[in-house]
Amino acid sequence: MYCMWWERGFRFFHSFFLSYFLQDFLIQKKNYERLFKEDIYVTFLSIF
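full-length UniProt numbering numbers the first residue of the sequence shown as 1 and each following residue consecutively.
No wet-lab data here; the hints were simulated from the structure. Values in this document were obtained by computation on a predicted structure and should not be read as measured data. Built from N, CA and C at the ideal position, the CB exists for glycine as well. Please note: incorrect hints may appear among the correct ones.
Said to hold, decoys possible - Derived Cβ-Cβ restraints for the label pairs, each shown as a range:
1) 4 <-> 39: 50 to 60 Å
2) 44 <-> 6: 48 to 58 Å
3) 9 <-> 30: 24 to 34 Å
Build the full structure now, drawing on both the sequences and the hints.
Quick look at the structure:
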């Protein structure tokens with residue numbers, strides 16, 4: 001009984017953590033891509 005409850009709680013926490021982590025990762029990825037593009041643009045402008 002206790003083991004089953006712990007397993008269910010762990011599974012819930014794991015799925016919650018994964019969804020939160022993935023959401024955060026995707027947001028960070030978008031920010032990094034935007035910064036990366038801006039960096040390339042600025043570097044390109046400064047060269048020419």
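Against the structure, the hints:
Checked against the given bound of 50 to 60 Å, the beta carbons of residue 4 and residue 39, roughly 51 Å apart, stay inside it. For the hinted restraint 48 to 58 Å between residue 44 and residue 6, the CB-CB distance of approximately 55 Å keeps it satisfied. The given range of 24 to 34 Å is respected by residue 9 and residue 30, whose C-beta atoms sit roughly 32 Å from each other.
Consistency note: the structure conflicts with none of the earlier hints.
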